[in-house]
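Each chain, letter by letter, is given below.
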Amino acid sequence: MKARTNAEWLIALKSDGQAQAAALSDLRAYLLRAALYALYRSRSTLRDFAPTDIEQLAEDCAQDALSAILGHLDQFRGDSRFTTWVYKFAVNAALVAARRERWGRVSLDRLLDTPDLVERIGSFSDTSSDPQRRAFRGEILAAIRQGIESRLTKRQREALTAIVFEEVPLDELARHWGSNRNALYKLLHDARQKLKAHLSERGFDAKEMLDVFSNDR
Amino acid sequence: MERPALRRLLRAISDTDDEEISCAKCFDLVSEYVDLEVAGMVGEQTLPQLQQHLRQCGVCREEYEILRDLARLEAEGRAPSADDLRSAL
Numbered sequence: 003m004k005a006r007t008n009a010e011w012l013i014a015l016k017s018d019g020q021a022q023a024a025a026l027s028d029l030r031a032y033l034l035r036a037a038l039y040a041l042y043r044s045r046s047t048l049r050d051f052a053p054t055d056i057e058q059l060a061e062d063c064a065q066d067a068l069s070a071i072l073g074h075l076d077q078f079r080g081d082s083r084f085t086t087w088v089y090k091f092a093v094n095a096a097l098v099a100a101r102r103e104r105w106g107r108v109s110l111d112r113l114l115d116t117p118d119l120v121e122r123i124g125s126f127s128d129t130s131s132d133p134q135r136r137a138f139r140g141e142i143l144a145a146i147r148q149g150i151e152s153r154l155t156k157r158q159r160e161a162l163t164a165i166v167f168e169e170v171p172l173d174e175l176a177r178h179w180g181s182n183r184n185a186l187y188k189l190l191h192d193a194r195q196k197l198k199a200h201l202s203e204r205g206f207d208a209k210e211m212l213d214v215f216s217n218d219r
Numbered sequence: 008m009e010r011p012a013l014r015r016l017l018r019a020i021s022d023t024d025d026e027e028i029s030c031a032k033c034f035d036l037v038s039e040y041v042d043l044e045v046a047g048m049v050g051e052q053t054l055p056q057l058q059q060h061l062r063q064c065g066v067c068r069e070e071y072e073i074l075r076d077l078a079r080l081e082a083e084g085r086a087p088s089a090d091d092l093r094s095a096l
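Protein chains in written order, with the working numbering: chain A, 3 to 219; chain B, 8 to 96.
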């Protein structure tokens, strides 16, 4: 693969003939390397895949990334190396694919049918030997439960349960709900803001709460 | 209920800002941030909204970490070839 400056990449990719063909060939090679690297790093989620299947998945992701890059070439501002800029498209495509393979086998409907956020927080078992700390934690948990019940929508409760408690990837939950990553992030942001405001109005400092649940004694 | 899950919830609430960037904006900025980081030029004030998003969003964070590691390997001349990676799979 030929090393190029940012300007050389752009000129070659926007030209025609041999210069463009050579740049496209090199770009494909860079993208394939990035996709293979991302899938290699995610290999624990692809245990059921034969190496040849992962290679094929990497080829597909590199092709998807190439199409996206050629469609966004005018948006490259030059504030990073061109190769770093193109790598992010391949890494994104590869990790979205890997997460889809991992979570496509899980019934998210069944997972979302598990106990609600309020019940889960209510089941927290405090083993601290310090009665004052136990009492303070109990007050915090009661306030969080109240905030969830009074301020969050059903969808926000489900999203927090899935993302924070079950560690379902955001893009997979968005796909399951026919939504998208940005919209789901906004939904979660709104939920966090409501809970933060609810707790703040009751005199709980967010960092103090985190601290009281961080160390057991 | 498991304590790590509760801590994740509290950390997420604690680290909530009024204005947060979207995953799309994070994707837009992450290559610039990665190159600054690889060059050792990142501090707390470098693209703080991106840093906050990366703390909140697990999928963006996962993509950032792999991009950063690959960019670092490349900057050090140690990026694996496609053949190396195929053999390692």
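Simulated from the structure, these hints should not be mistaken for lab results. Do not rely on the hints blindly, as some may be mistaken.
[Claimed, not checked] Taking lysine-lysine pairs in the DSS-like style, the calculated list, with each CA pair at most 30 angstroms apart, reads:
no., chain 1, residue 1, chain 2, residue 2
1, A, K16, B, K32
2, A, K198, B, K32
3, A, K198, A, K156
4, A, K196, B, K32
5, A, K188, B, K32
6, A, K156, B, K32
7, A, K209, B, K32
8, A, K196, A, K156
[To be verified] Here are the computed distance ranges between Cβ atoms for each label pair:
no., chain 1, residue 1, chain 2, residue 2, range
9, B, D91, A, Q134, 19 to 27 angstroms
10, A, T54, B, G84, 26 to 34 angstroms
11, A, D115, B, A46, 19 to 27 angstroms
12, A, T155, B, E26, 29 to 37 angstroms
13, A, T7, B, D91, 24 to 32 angstroms
14, A, G205, B, R85, 51 to 59 angstroms
15, B, K32, A, K16, 22 to 30 angstroms
16, A, A137, B, G47, 30 to 38 angstroms
17, B, G47, A, T155, 17 to 25 angstroms
Being a predicted model, the structure only gives us computed values, none of them experimental. Think of the CB as a built atom: it goes at the ideal place given N, C-alpha and C, for glycine as much as any other residue.
Do the alpha carbons of K198/A and K156/A lie within 30 angstroms of each other, as the hint requires?
The hint holds at about 18 angstroms.
Pair hint outcome, K188/A versus K32/B [Cα-Cα no greater than 30 angstroms]
holds, 12 angstroms
Does the alpha-carbon distance linking K196/A and K32/B stay inside the 30 angstroms limit?
holds, 23 angstroms
May I ask you to test the hint 19 to 27 angstroms on the CB atoms belonging to D91/B and Q134/A?
The hint (19 to 27 angstroms, Cβ to Cβ) is violated, given that D91/B and Q134/A are roughly 57 angstroms apart.
Pair hint outcome, K196/A versus K156/A [Cα-Cα no greater than 30 angstroms]
With a Cα-Cα distance of about 14 angstroms, the restraint between K196/A and K156/A holds, given a limit of 30 angstroms.
Taking the Cβ atom of D115/A and the Cβ atom of A46/B, is their distance within the range 19 to 27 angstroms?
For A46/B against D115/A, whose Cβ atoms are near 48 angstroms apart, the range 19 to 27 angstroms is violated.
Compare the distance between the alpha carbons of K198/A and K32/B with 30 angstroms, and conclude whether the hinted pair is satisfied.
The given pair, whose Cα atoms are some 24 angstroms apart, holds under the 30 angstroms limit.
Is the distance from the Cβ of G47/B to the Cβ of T155/A consistent with 17 to 25 angstroms?
violated, 44 angstroms
Does 22 to 30 angstroms hold as the CB distance between K32/B and K16/A, or does it fail?
The hinted range 22 to 30 angstroms holds for K32/B and K16/A, with Cβ atoms some 26 angstroms apart.
Does the Cβ-Cβ separation between G205/A and R85/B fall within 51 to 59 angstroms?
Because 52 angstroms falls inside the window, the suggested range holds.
Has the hinted range 30 to 38 angstroms been met by the Cβ atoms of A137/A and G47/B?
violated, 47 angstroms
Between K16/A and K32/B, is the straight-line Cα distance small enough, at 30 angstroms or below?
Roughly 25 angstroms separates the two Cα atoms, so the pair holds.
Hint compliance for this structure: hints 9, 11, 12, 16, 17 are broken, all remaining hints hold.
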